[in-house]
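Participant: Below, each chain spelled out in residue letters.
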Amino acid sequence: MARVVIDPVTRIEGHLRIETEVNGGRVTDAWSSGTMFRGIELILRGRDPREAWIWAQRICGVCTTVHALASVRAVENALGIDIPDNARLVRNIIAGAQNVQDHVIHFYHLHALDWVDVTLALKADPAKTSQLAQSISEWPKSSATYFKGVQDRVKALVASRQLSLFSSGDWGHPAYQLPPEANLLAVAHYIEALDMQRDFIRIHAVLGGKNPHLQTYLVGGMSTAIDGNEPEAVINPERITLFNELAARAKTFVQQVYVPDVLAVASFYKEWFGYGEGLGNFMAYGDFPSGSINDPSDFFFPRGVILGRDLATVHPVDPGKIAEYVTHSWYEYSVGDQASRRPAEGETSPKYSGPKPPYLVLDTDAKYSWLKSPRYDDKPMEVGPLARTLVAYASGDAQVKKSVDAVLAKFNAPPTVLFSTLGRIAARAIEADIMVEKLPEWIAQLDDNMAHGDVRIHNGDKWDPESWPKSCAGFGLEEAPRGSLGHWVEIENKKIVNYQCIVPSTWNAGPRDAHGQRGAYEAALLNTPIADPERPLEVLRTVHSFDPCLACAVHVVDGKGRSYGREAEAVPDSEGTTSLPADSAALYKAAVQGGL
Amino acid sequence: MAIEESVLETCRRRGISRRRFMEFCGTMAATLALPKAYTQTIAAALSQKRKPVMVWLEFQDCAGNTESMLRSPHPAIEDIVLETLSLEYHETIMAGYGKHAEAALKRVVDEEKGKYLVVVEGAIPTADDGIYCTIGGRTALDIAREVCGSAAATIAVGACAWDGGLVRSNPNPTGAVGLHEAVPGIKIVNLPGCPHNSVNTAAVLVHYLTFGELPALDPENRPLFAYGQLIHDQCERRAHYDAGRYVQAWGDEGHRKGWCLFKMGCKGPEANYNCPTVRWNNATSWPVKAGHGCIACASSRFWDTKSPFYERLPHPAGFGVDVTAGEIGWTVVAGVAAATAAHAVGHVVRDHFHPGDGDGPPPEEAKAEKPTTEVH
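Quick mapping for you: the protein sequence lines, in order, are chains R and D.
Mind the numbering: the first sequence is residues 30 to 625 in this note's numbering, read in order.
Mind the numbering: the second sequence is residues 2 to 377 in this note's numbering, read in order.
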């Protein structure tokens, strides 16, 4: 038995440490630890609630904009403010663009190197790479000359013996299974995706002033003045044209590069449909309102909870059932550390009790993380693109059902394969695919409002703090790219007296609770095969499939404990490894063997 | 070897076209406001056989500065990390992890001692023996002392690495400080902003690689080319300020016409940064252009000193923000200067060139009409 520690977990946002027990080539237990704390909720106390979003946004620069949106929603909820339709649309466009941007960057720049061996790209035949590329997509950058150029660039990098970011990779690891041509294709798209994200995010620059850390939210709306007759208005006909151009280019990239690449890579790693399942409980707050934020039935992403892998039943979400434990977290509660506390009752008392640095291992029987353990109805939940996709699928959402069924048909597999490491990756691609179709609709609605002379972008009725009640409280829920996000705010005498966040990566990366129930990462890692404990690349695959964001995750909430929780069962689906015809693999083989 | 030969050899070695490489060098010369002839100098400097080594450390951060770097348009991040430098350690994007990552960092510190560059993002917690941020079981403070202490130079990007930023703001729960306080005495350049603007960071890197030294810095170790000028003096809405045309409510007629945001709390009159000229995301926009006030994110301790962000600056509105002459840099927008004089708003402006400066106005702008001194 060996304790295998990964710290730092890289290619994520923030500071994450994973400790695992490895027995007979499998992970038999796992612990997830966040190793950084800032205390942003404490810093927010006593400040003007109208600017809370500017501060809260700095919780994370990767998930930039998402905490800003949750924050304005929380304050608007507390003060009873409805926002104009134009502000709703601008927020949807910003959040939708963030969703696409995040998913693309995650796949290529944070996750791909777990599956792609950069050095193997050198062995590829550019002509055959070209055939492979053309067999899976119409994307025009697919000539042999193009791939030869990319290969030369990699060759030069390797020859220089200064591999930069790639110098410390696990190249040659037996878990890498892509043929050389697929590796070269992926490296080419790694570089192209850098270009794509740089270009597409200009939509945020126009609507947010800059990215990261947009600067145009307002409690009550947005600062992006809209007027079809004013050239200096932030949103005018010329800008609408730019949004449409950027959205169209993103759509092409997602549909011709990202989605085909995900399917192609998956086809070479189909056993990963059988690893990394985790909790089997999924939650989504839902998001992208078509009308009022108070009407979740009208959300583009539906709201719901799935329990125990049961896709036949979608349970409603009751925010009153959310609470957090600190039993294994470096905090203390005035009511004792075995209890859980609800976010609205906030309490924040960091108290480190881990080993004195430098240390080699954590005492995982005691407290071992700066993350708390959020629970819904005392159960651990997975949140994120997979949870959203499953909730939408189980709710009978026609568009999601069509996309999911198309992917499942390609692999001739049942929906249960989605409870897996590859399932998370596929769900993210499906979601991006749906989002690039939706963005132009919101842009068109904005254009339509503008054409009809609707210039309302902000509801100023409650801008003046003199108009506020002496005290009030509210919350804002959101689906950030990484999952369900909530901010809770309490306002007294025009100032914040309490501020709490429960963040997607806290749900997923949190430690055990008072009942010993594992968090989502911890559960998903059980039974992961490990070829070489010195190079636990397989652990990264599953952890990265959640798209961890640790700066976000270190947060503080409270509530009241109950004790009917059950031990999390986290047994990978033994039937998950169905026989997959793997059309991409077949296409590849045909291409490489000269069949095309 | 002649410069041209060396450039061609570099391009061959790196698998890129000469045109692409020279474009890159030209862009860098422009960002640094160097004459075009410097393109060749930069190209020669960047054609060294061995690429300089760089490591990027993240402590109490949000990775916003990393993301900003990923959006760098000229040069693109891939050109920086594949062709210009060897970025051996950067947790957010590096291939290695865990022990391999730690080993990569150690190798640089041991083998490149005194030669490598460090970029630092995030604040450093000092309370309770630094336990609020550990990486590989070591505290941020421990790592920063070792890695920055052995480097040729350190670049602190973003507000947090500069002065502790948001993490340090009241009540500073973790005893966070900026890098220069955590590790005093190191050779450092500060690139504050929340986040840093990667155009400036790229320019600092290229300047260092070309001339072997950091660009001209102010007393806070910020490069003058980026932090030497007041936002207010470079602002495209400045003429509206001078003419007394203010946004009075969000979404009102003035807001839709792009008028001045001073009354909505804009901190531009108290903030130094080149945000309005270099802008963001391939020069697409910046916050004031997008209709929101500046929050002075490159100013010292701005979270505490410039908030509340929607409160109007405490000066008589409309007729002159009472800035001291020393705070005013030379004005790059000649039209603004003319407007200032024409409307005679009693605004205190003085020609003020920074000392020792290769960073003064280019010749054609120096000839343009200067802001007139008007004392009220």
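No lab work stands behind these hints: they were computed from the structure.
In this text the structure is predicted, and so the values were computed from the model without any measurement.
Where is the CB? At the ideal position from N, CA and C, for every residue including glycine.
Among the hints, erroneous ones may be present.
Incomplete in silico selection of chain R near chain D, CB under 8 Å [what the hints assert, rightly or not]:
(1) Thr39
(2) Asp58
(3) Arg67
(4) Ala185
(5) Leu194
(6) Ser196
(7) Pro241
(8) Ser252
(9) Glu259
(10) Asp434
(11) Ala435
(12) Ala438
Participant: Against the earlier hints, flag every one the structure doesn't satisfy and list their numbers going up.
Facilitator: Violated: hints 2, 10, 11 and 12.
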